[in-house]
Amino acid sequence: KNQVEQSPQSLIILEGKNCTLQCNYTVSPFSNLRWYKQDTGRGPVSLTIMTFSENTKSNGRYTATLDADTKQSSLHITASQLSDSASYICVVGPNAGGTSYGKLTFGQGTILTVHP
Amino acid sequence: DTAVSQTPKYLVTQMGNDKSIKCEQNLGHDTMYWYKQDSKKFLKIMFSYNNKELIINETVPNRFSPKSPDKAHLNLHINSLELGDSAVYFCASSQSRSRGRKETQYFGPGTRLLVL
Numbered sequence: 001k002n003q004v005e006q007s008p009q010s011l012i013i014l015e016g017k018n019c020t021l022q023c024n025y026t027v028s029p030f031s032n033l034r035w036y037k038q039d040t041g042r043g044p045v046s047l048t049i050m051t052f053s054e055n056t057k058s059n060g061r062y063t064a065t066l067d068a069d070t071k072q073s074s075l076h077i078t079a080s081q082l083s084d085s086a087s088y089i090c091v092v093g094p095n096a097g098g099t100s101y102g103k104l105t106f107g108q109g110t111i112l113t114v115h116p
Numbered sequence: 001d002t003a004v005s006q007t008p009k010y011l012v013t014q015m016g017n018d019k020s021i022k023c024e025q026n027l028g029h030d031t032m033y034w035y036k037q038d039s040k041k042f043l044k045i046m047f048s049y050n051n052k053e054l055i056i057n058e059t060v061p062n063r064f065s066p067k068s069p070d071k072a073h074l075n076l077h078i079n080s081l082e083l084g085d086s087a088v089y090f091c092a093s094s095q096s097r098s099r100g101r102k103e104t105q106y107f108g109p110g111t112r113l114l115v116l
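So the sequences go chain by chain: A and B.
If you're matching positions, the first sequence starts at 1 in the numbering used here and goes up one per residue.
If you're matching positions, the second sequence starts at 1 in the numbering used here and goes up one per residue.
Keep in mind the hints are simulated off the structure, nothing from the lab.
Please note that the accuracy of each hint is not assured.
[Stated by the list, open to error] Below, a list of computed lysine-lysine pairs in the DSBU-like style, where the Cα atoms sit at most 35 angstroms apart: (1) A/Lys-17 <-> B/Lys-22; (2) B/Lys-52 <-> B/Lys-36; (3) B/Lys-19 <-> A/Lys-71; (4) B/Lys-71 <-> A/Lys-17; (5) B/Lys-19 <-> A/Lys-57; (6) B/Lys-19 <-> A/Lys-103; (7) A/Lys-103 <-> B/Lys-44; (8) A/Lys-17 <-> B/Lys-44; (9) B/Lys-40 <-> A/Lys-57; (10) A/Lys-103 <-> B/Lys-40; (11) B/Lys-19 <-> A/Lys-17; (12) B/Lys-9 <-> A/Lys-103; (13) A/Lys-57 <-> B/Lys-41; (14) A/Lys-17 <-> B/Lys-67; (15) A/Lys-71 <-> B/Lys-41; (16) B/Lys-52 <-> A/Lys-17.
[What the hints assert, rightly or not] If the Cβ cut is set under 7 angstroms, some of the chain A residues that face chain B in the computed set are: (17) Arg-42; (18) Gly-43; (19) Pro-44; (20) Ser-46; (21) Lys-103; (22) Phe-106; (23) Gln-108; (24) Gly-109.
Everything numeric in this text was worked out from a predicted model, so none of it was measured.
Even for Gly, the Cβ is constructed at its ideal location relative to N, Cα and C.
Throw the hints in and build the complete structure from the sequences for me.
Here you go:
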């Protein structure tokens, strides 16, 4: 069964600090891994997308890493800001014969709270 | 200039009623999706349309019927609503013309459905 597990479930940090969120997956065959940010009451917004051949991808203060051998990914947030408070969702896409129509498996998300 | 819009944002209704949720995207994308986010915050794919053609139809009760009048619109009609249908429903779109593995999905703001 394809699964995506994230840890921790929730995290509280002080503004300006760094943090790292973890994602383990069992989706196979694997095509791509995405990190989304979901603000409360809004839809998810894409942060990074990586294929199995990429092991790091940055988007501003967000850096995602991928180890396709161990099936693990992490999202590192540098110099956190209050606006980083959100749910961060790890999403894995399967390799479906070379096409990808979005049959993604979503993790439950890590709820990050940044305090001033 | 909302890229993916959904109406209504909130929907409160009685069990047994029939309701529709509308989705429109102005990104010129070929592919649109409906997701359900349950109380545990997992997002699960329900349907996907590519150029008005149904390409993903997950295990969803046939009370749920998607309709795509054109590639910019994907509506969701739900018959005989049940308590368990209460959730947040997200519409999304992506440009699948390249059929690449890294196409970003853009999500709408969600429709919060509460069945009483």
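Verification of the hints:
no. : hint                   : result
1   : A/Lys-17 <-> B/Lys-22  : violated, 41 angstroms
2   : B/Lys-52 <-> B/Lys-36  : holds, 20 angstroms
3   : B/Lys-19 <-> A/Lys-71  : violated, 41 angstroms
4   : B/Lys-71 <-> A/Lys-17  : violated, 44 angstroms
5   : B/Lys-19 <-> A/Lys-57  : violated, 42 angstroms
6   : B/Lys-19 <-> A/Lys-103 : holds, 26 angstroms
7   : A/Lys-103 <-> B/Lys-44 : holds, 9 angstroms
8   : A/Lys-17 <-> B/Lys-44  : holds, 32 angstroms
9   : B/Lys-40 <-> A/Lys-57  : holds, 28 angstroms
10  : A/Lys-103 <-> B/Lys-40 : holds, 20 angstroms
11  : B/Lys-19 <-> A/Lys-17  : violated, 46 angstroms
12  : B/Lys-9 <-> A/Lys-103  : holds, 25 angstroms
13  : A/Lys-57 <-> B/Lys-41  : holds, 25 angstroms
14  : A/Lys-17 <-> B/Lys-67  : violated, 46 angstroms
15  : A/Lys-71 <-> B/Lys-41  : holds, 22 angstroms
16  : B/Lys-52 <-> A/Lys-17  : violated, 46 angstroms
17  : Arg-42                 : holds, 6 angstroms
18  : Gly-43                 : holds, 3 angstroms
19  : Pro-44                 : holds, 5 angstroms
20  : Ser-46                 : holds, 5 angstroms
21  : Lys-103                : holds, 6 angstroms
22  : Phe-106                : holds, 4 angstroms
23  : Gln-108                : holds, 6 angstroms
24  : Gly-109                : holds, 5 angstroms
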